[in-house]
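Colleague: Given chain A, work out where chain B should sit, using these hints.
Just so you know, the protein sequences line up as chains A and B, in that order. In my numbering, each residue's number is its place in the first sequence (first place is 1) plus 254. In my numbering, each residue's number is its place in the second sequence (first place is 1) plus 254.
Heads up, a few of these hints could be off.
Heads up, the list lumps identical chains together, so a pair's fine if it works in one copy or across two of them.
[Unchecked claim] Calculated lysine-lysine pairs in the BS3-like style (CA-CA distance at most 25 Å, straight line):
1. 282 <-> 654
2. 361 <-> 336
3. 414 <-> 495
4. 654 <-> 289
5. 348 <-> 314
6. 585 <-> 667
7. 714 <-> 585
8. 257 <-> 494
9. 711 <-> 495
10. 495 <-> 667
Simulated from the structure, these hints should not be mistaken for laboratory data.
Protein chains: 2
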Amino acid sequence: MTKRAENMKILFAPESVAVIGASDNPGKLGFHVMKSLTEGGFSNRIIPVNPGSARIMGLKAFPSVTDYDGDIDLAIVVLPAKLVPGVFRECATKGVKGIVLITAGFKEIDDPAGAELHEEIAGIVNGAGIPVIGPNTFGTINLQADLNASFTPEFSQLRKGSIALVSQSGGISHLLAFLAMRMDVGFSKIIGLGNRLNVDFDQMVDYLMDDSDTRVIMLYMEGIDNPGRLLETAKRYNGKKPVIINKTGSSTKSDQASRSHTGSMAGSHEIYMSAFSQGGMLAVDNAESLLDTARALLSCPIPDGPGVAVLSGQAGPAMAACDVCEARGLKIVPFTGRTQQKINEHLPPLALRTNPVDMGPAWYDSSAIEEIVRAVMDDDNVDGILLFMMFASANADAVKGISDLLEKWQQRKPLVSCILSPPGIWDEQIKGLEQSGSLINYPTPERAANAMAYLWKYRKIEISRKDIL
Amino acid sequence: MTKRAENMKILFAPESVAVIGASDNPGKLGFHVMKSLTEGGFSNRIIPVNPGSARIMGLKAFPSVTDYDGDIDLAIVVLPAKLVPGVFRECATKGVKGIVLITAGFKEIDDPAGAELHEEIAGIVNGAGIPVIGPNTFGTINLQADLNASFTPEFSQLRKGSIALVSQSGGISHLLAFLAMRMDVGFSKIIGLGNRLNVDFDQMVDYLMDDSDTRVIMLYMEGIDNPGRLLETAKRYNGKKPVIINKTGSSTKSDQASRSHTGSMAGSHEIYMSAFSQGGMLAVDNAESLLDTARALLSCPIPDGPGVAVLSGQAGPAMAACDVCEARGLKIVPFTGRTQQKINEHLPPLALRTNPVDMGPAWYDSSAIEEIVRAVMDDDNVDGILLFMMFASANADAVKGISDLLEKWQQRKPLVSCILSPPGIWDEQIKGLEQSGSLINYPTPERAANAMAYLWKYRKIEISRKDIL
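So that you can see chain A by itself, here it is in the shape it has in the complex (with noise of 0.2 Å):
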């Protein structure tokens, strides 16, 4: 392993860490990244640096990370932009291992100074192998280790979990971040690139490939500079963790903000897109999709085909589904003889007994939900099942068979869901199913089919991975 590599796993698990620019104002980033750190619930050593206060929020403070006399592995940087190479000569001698640089002004400014300074900042930090997160970013949170690196305190709200973000974008990271609060998904790290002065979404996915916190990969990317490096880096793994990319830039206004914004070409959106797919990386529409699928990869097998079976307690949220799974390049297969039998047993001679199946007749039968259920999960023509359930009072019989049913099993199949219900009375034992690996729900039946289509996307991608090898 390279000392850089080995600097950027320190980077994320530091025993130190100092904010070089620490305030108790609460004007200041430095005041936010010292309330992140301190309430984040670090328990390791941390060093406000400010040479003009002696304490900053109870802690002894220092005038400069020279100054202290033990290690410091990570230092995290809020000073204008103007003092940033003085600071890394001083982190450099210090021994520092990584860097999170907050500040903003370099090579996204319009002034020739930026890029300069950007070229002086990266010459310090390249000689001595110290891997640098920004700059102009919010910085870096590790959640598995309670290590918020970012001007935001409330990042650590987050619950812990497998989903890893690399990110271009600030606005989009704590968009994600807000969206996975209110819909309780956890988060192994976020790390928001800014303008990727060392580091860029290749070492990114490099260093999350081994990281046993992450399971699933997520990338938003507005502009690239070395879109080959990243493509090289994903084939090279070979499909060991999904990876997830959404790029803007689609339209001619988001693509011109892209190259003002990040200071790189933005490029073709369509040649992009097809250069994720053949380097194995799932692209998705929006940001919105990038967490619905990364729910769906982390939570469900990878369907084997493009046979969908739609299973409803109602006709019309079927419906609205057949309309995106045949957009999307599913199929909604017709059942076995077999299959076929079973359900017609259990349901009156209603038409939509074929798939999709409303199995709204069968409400007060549990037993006969269970059983074509199960019958549709044993169907070798099924690769994937779509289970839909609005549930209230009149139908709550119906939804406790599936639900014992789904206890029991395992998904051997994608079981993709949108069971609702008034707030707060069936979230629990949705959480629960999730929790026991019985399915993965989300809040509208278009949202579920869309999830389905993205895992038969990302099928397809492991199947073309295959014929190459």
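Modeller: For chain B alone, coordinates are given in the frame of chain A:
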């Protein structure tokens, strides 16, 4: 006004409601209907009808409607299909004004006996001028009158509001209601059309156009027998209230399912979409968009043109929204010189000062943020504003600046936002701004952009309506 139209008014605001098939047995729908009425706060008379019980849920029960001495305005019928003709005759004799027929097993079953029964009961009520909601429906709810005439007591948890839903799917009605509860969106009425014995979409649009509790009408459609009647009705009201429509059936499977499920042709999806627009109705892509668009139409002025300004506290969400705007026919317009000058005064020479605007650099200057937003609001090139802010500790000042401005500002142009924070932090303030009519907020930038696109689509429908006149 025809007798039927008068009766329709009474159906939704009855002085007395009989539940024919009322039950104390939770395994029966008649139990849940009784629960909906009693727990829903209905303060007028409730009359359980069941020849086998003297009292049901503490109320005196009657063997039949004709055994009850007083008037009966509304009868809710939850009996097996074969008993319905006899009951309908009794209702006609009794002078019942309206019926909600929950029972299934008529035209929608494969058995020709179902269709015959359908014709038989239609003959009885059509002769007597009695409007019937159903058969094969969950029922109907008039929230403003505390009337929950459905088998789902939980519908009464909805907030009272100004959006009416007319739906051919019980599943989608429940889905939308449960989503609305979670988003705190209020409804006036929910009508489950079921198999439309003698009340179809056109009659409900006719009724709701004159219903003072309803300001926006949402239709969820699977198939329709007589689309011409709906189009004529919608046209006749000439845009008095917005009508938003979502129709499933874009896929072969859902088209087939619709035919079976509703007993009527689904037909070519594209032809319907274009006919809806010509009829002055706003067609949207899915059930979630029904709700998103209804909220926007209820809260926002309609934009005069497609010119949108994107103002964001962070670049990423702005770029994601630009992608949606461009794909959906909105234009990210250049600002006038005056606006651009004002923006340039407050933002450093970073690139994202033209539309879209990244207000990130002004986070700590709430008056700068206020002046930028105000200048853009007043810009003649701008027809609508998309405002995004991912909000946490570090940028609280920026949000405060926007909030102060918005409290004073009544939308002259639509202001559609995605202001998102960790749960509980700013939710109440956002709700306050929504209630004061300052903006309408969505959980993702893409959904906000989509809502703006539908507002513009609605404006185009208005323009073409005027062209025709």
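Colleague: Mind listing which of the numbered hints don't hold for this structure, in increasing order?
Modeller: Nothing - there is no hint that the structure violates, so all of them hold.
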